[in-house]
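Protein sequence lines, in the order shown, are assigned to chains X and L. Take the first sequence: its letter number 16 is residue 16 in my numbering, and every next letter is one higher. Just add 1000 to wherever you are in the second sequence, counting from 1, and you've got my numbering.
Source of the hints: derived by calculation from the structure; they are not laboratory data. Mixed in with the good hints, there may be bad ones.
To be verified - No more than 30 Å apart at the CA atoms, straight line, and that leaves these computed lysine-lysine pairs for DSSO-like:
hint, chain 1, residue 1, chain 2, residue 2
1, X, Lys86, L, Lys1299
2, L, Lys1429, L, Lys1356
3, L, Lys1318, X, Lys86
4, X, Lys77, X, Lys3
5, X, Lys56, L, Lys1054
6, L, Lys1048, X, Lys86
7, L, Lys1123, X, Lys3
8, L, Lys1246, L, Lys1398
9, L, Lys1398, L, Lys1299
10, X, Lys56, X, Lys19
11, L, Lys1453, L, Lys1317
12, X, Lys86, L, Lys1108
13, L, Lys1054, L, Lys1127
14, L, Lys1429, X, Lys53
15, L, Lys1317, L, Lys1234
16, X, Lys77, L, Lys1299
17, L, Lys1247, L, Lys1108
18, L, Lys1054, L, Lys1123
19, L, Lys1398, L, Lys1318
20, L, Lys1265, X, Lys77
21, L, Lys1356, X, Lys86
22, L, Lys1247, X, Lys3
23, L, Lys1398, L, Lys1356
24, X, Lys56, X, Lys86
25, X, Lys77, L, Lys1453
26, L, Lys1318, L, Lys1429
27, X, Lys56, L, Lys1234
28, L, Lys1123, L, Lys1453
29, L, Lys1246, L, Lys1317
30, L, Lys1234, L, Lys1247
31, X, Lys77, X, Lys19
32, L, Lys1265, L, Lys1318
33, X, Lys86, L, Lys1123
34, X, Lys86, L, Lys1265
35, L, Lys1299, L, Lys1247
Each chain is listed here by its residues.
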Amino acid sequence: MNKSIISVVGRDQVGIIAKVCTYLSENGVNILDISQTIVDGYFTMLMVTDTQKSEKSFLQLCDDLEALGKSIGCVIKLQKDEIFTKMQRI
Amino acid sequence: MTNLDEIFETNEMIEQANLDVRTITLGISLLDCITSDVAELCLNIHDKITMVAKDLLTVGRDIEREYGIPIVNKRISVTPISLIGASACREIADYVMIARMLDDAARKVGVNFIGGFSALPAKGMTKSEELLIRSIPRALAATEHVCASVNLGSTRTGVNMDVVKLMGSIVKETAELTREDDSIGCAKLVVFCNAPDDNPFMAGAFHGVTETDSVVNVGVSGPGVINQVVRSVKGEDFSTLCEAIKKTSFKITRLGQLVAQEASKRLGVPFGIVDLSLAPTPTVGDSIADILEGMGLEKVGAPGTTMALALLNDHVKKGGIMASSSVGGLSGAFIPISEDQGMIEAVQAGALTLEKLEAMTCVCSVGLDMIAIPGSTPDSTISGIIADEMAIGMINQKTTAVRIIPVIGKDVGDVAEFGGLLGTAPVMKVNGFSCGEFIARGGRVPPPVHSFKN
């Protein structure tokens, strides 16, 4: 498994989750967990995903998601999971 | 399972508190390039560097993207050139030629600095070391990316006062040759006592002879993150403050360890050390002075500053030691003037003087760093400042360094502009009494009594 985290932050609007999920399903990225909140009109979503089966390279996925974010007015980041686990756990 | 709070915390450190990997430094041994012909030597050096470091930039960029952590600098350090050039270089121009070649190689692989135009005359000076040192002003004036360093002493050998004397005039000559750019050449020249072999930070980086063929060293920096933590325990007692710094340092060092391991794996080069440096930048929110002031000082330089810096450094190291099995010896806070907005303000407000800075270097990571002084300062006074700093290193068994810039044509009250990460330096007042006769003695100060440990 290639566990990675997608974070989506931006002003709330209809269809953000749909657009992100559609992209992921079309590119073979499996979603393991989703958490989403709206605070003061700001939409924040974190997804735990597995990118192993995707035909695209990890960097290509990063670029695509960044571009998708721009097109819907959000900041979308794809990061490998190790940065969080290595940093926070002994 | 990855915890959501942890994701938020990490990303907040990166985005809001300017947490970054300050540098990935690829150390390359040039010992196998040695030959007796200068032109051939230059070619060998060029080929080796461009071959070993060809993927450095791409690997750095990939890691940056994949983990979402900025890597500010990608750099190279090489074996001290005085060793490499010893059998080929007969005159100053030969060493300048090597410097140009290093500069060219650095440009080709896309790194911003290449360190190792260095000599190690801590006890005695060889002919080739002297030749290299005398070539430094021309080499630094003729190149953009090359950094030079000279190790003048150590706890085991004492301090080579002949070279201390010589360096006063070399610093001054370097300043003269780059006077058009506020003497910026001196920002790329550092002198050391107890120089480590695995330092990833410029201008003092070189690939020591104790190292393997090539190695990846990483320097992580997070003054913004530490600053936030220090401010979050305002009013609490010292043990709480120290504990908070320690815990955060642990997290930052883990990040460095991750980046170092990845870079090492992808470049196929062994991993050396992680230095958890709190290295400031001129950006607001990236300042060591802010951390010290966050502990309760009105301005850096006020009484209490040395203690504040000491506890900061010690707890940064304590946190780092558990986070990585190879933490570098320079972990701790760097206190350059020009690169730290808070330090600049403290100098301008009259709170911070050269003498107080010298006291702070007893407990800081390295030493007197990026300090601008009047261009009219005599050579012997510069040597005197260097000698004082070497004494602190020698007696206290620590690494100390001096990177001082006599800005030609400027005086106290003026400001020198270096641009980019090197920042802006207010010209500081230097004690006007002479040490000329003291420095003129030359010779060597024998090692202190600590050197008899066995």
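Going through the hints against the structure:
1. X:Lys86 x L:Lys1299: Given that 30 Å is the threshold and the Cα spacing comes to 36 Å, the pair is violated.
2. L:Lys1429 x L:Lys1356: Roughly 12 Å between the alpha carbons, so the hint for Lys1429 (chain L) and Lys1356 (chain L) holds.
3. L:Lys1318 x X:Lys86: holds, 18 Å
4. X:Lys77 x X:Lys3: With a Cα-Cα distance of about 14 Å, the restraint between Lys77 (chain X) and Lys3 (chain X) holds, given a limit of 30 Å.
5. X:Lys56 x L:Lys1054: The given pair, whose Cα atoms are some 25 Å apart, holds under the 30 Å limit.
6. L:Lys1048 x X:Lys86: violated, 34 Å
7. L:Lys1123 x X:Lys3: Given that 30 Å is the threshold and the Cα spacing comes to 54 Å, the pair is violated.
8. L:Lys1246 x L:Lys1398: Since the Cα atoms of Lys1246 (chain L) and Lys1398 (chain L) sit roughly 21 Å apart, the hinted pair holds (cutoff 30 Å).
9. L:Lys1398 x L:Lys1299: The hint holds at about 27 Å.
10. X:Lys56 x X:Lys19: With Cα atoms ~18 Å apart, Lys56 (chain X) and Lys19 (chain X) stay inside 30 Å; holds.
11. L:Lys1453 x L:Lys1317: Roughly 24 Å between the alpha carbons, so the hint for Lys1453 (chain L) and Lys1317 (chain L) holds.
12. X:Lys86 x L:Lys1108: violated, 34 Å
13. L:Lys1054 x L:Lys1127: violated, 34 Å
14. L:Lys1429 x X:Lys53: violated, 64 Å
15. L:Lys1317 x L:Lys1234: holds, 22 Å
16. X:Lys77 x L:Lys1299: violated, 39 Å
17. L:Lys1247 x L:Lys1108: violated, 40 Å
18. L:Lys1054 x L:Lys1123: Not satisfied, since the Cα-Cα distance of roughly 36 Å exceeds 30 Å.
19. L:Lys1398 x L:Lys1318: holds, 17 Å
20. L:Lys1265 x X:Lys77: holds, 24 Å
21. L:Lys1356 x X:Lys86: Between Lys1356 (chain L) and Lys86 (chain X) the Cα gap is close to 39 Å, so the pair fails against 30 Å, i.e. violated.
22. L:Lys1247 x X:Lys3: Roughly 26 Å between the alpha carbons, so the hint for Lys1247 (chain L) and Lys3 (chain X) holds.
23. L:Lys1398 x L:Lys1356: holds, 18 Å
24. X:Lys56 x X:Lys86: Answer holds: Lys56 (chain X) to Lys86 (chain X) is near 25 Å, not above 30 Å.
25. X:Lys77 x L:Lys1453: Not OK: Lys77 (chain X) and Lys1453 (chain L) at ~54 Å, beyond 30 Å, violated.
26. L:Lys1318 x L:Lys1429: violated, 36 Å
27. X:Lys56 x L:Lys1234: violated, 48 Å
28. L:Lys1123 x L:Lys1453: Between Lys1123 (chain L) and Lys1453 (chain L) the Cα gap is close to 18 Å, so the pair holds against 30 Å.
29. L:Lys1246 x L:Lys1317: Roughly 8 Å separates the two Cα atoms, so the pair holds.
30. L:Lys1234 x L:Lys1247: holds, 16 Å
31. X:Lys77 x X:Lys19: holds, 15 Å
32. L:Lys1265 x L:Lys1318: holds, 27 Å
33. X:Lys86 x L:Lys1123: Distance ~43 Å between Lys86 (chain X) and Lys1123 (chain L) Cα, so the pair is violated.
34. X:Lys86 x L:Lys1265: holds, 16 Å
35. L:Lys1299 x L:Lys1247: holds, 26 Å
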